[in-house]
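**Q** The sequence shown begins at 1 in our numbering and counts up by one.
These aren't lab readings, by the way, just hints derived from the structure by calculation. Virtual Cβ for every residue (Gly too), placed ideally from N, Cα, C. Be careful, since some hints might not be right.
Between beta-carbon pairs, the in silico distance windows are [to be verified]:
1) Ala-10 with Arg-45: 24 to 32 Å
2) Arg-45 with Cys-11: 23 to 31 Å
3) Ile-58 with Thr-32: 12 to 20 Å
4) Glu-43 with Lys-20: 15 to 23 Å
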Amino acid sequence: MLKLSVPDMACGACKAAVEKALAPLVAPSSLTIDMAARQVRCEGRVDADQIIAALTRIGFPARPL
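Full structure from sequences and hints, please.
**A** In structure tokens, the structure reads:
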């Protein structure tokens, strides 16, 4: 499991952008986005560096928790 803090994620549009960017990287794993905590959790086998790079590319720098 990978859990990330994404402090700049603040609205529904942000959530949609994060989901779109990460969906190809986490399939068939599961992706959970907690807007209140501004966190993303990826279950299963994922590459943390790829996930963080994808988030950074779309303007949402992230750090592991």
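**Q** Could you run down the list of hints and mark each one as holding or not?
**A** Quick rundown of the hints versus the structure:
no., hint, verdict
1, Ala-10 with Arg-45: 24 to 32 Å, "holds, 29 Å"
2, Arg-45 with Cys-11: 23 to 31 Å, "holds, 30 Å"
3, Ile-58 with Thr-32: 12 to 20 Å, "holds, 18 Å"
4, Glu-43 with Lys-20: 15 to 23 Å, "holds, 18 Å"
In this structure, none of the earlier numbered hints is contradicted; all agree with it.
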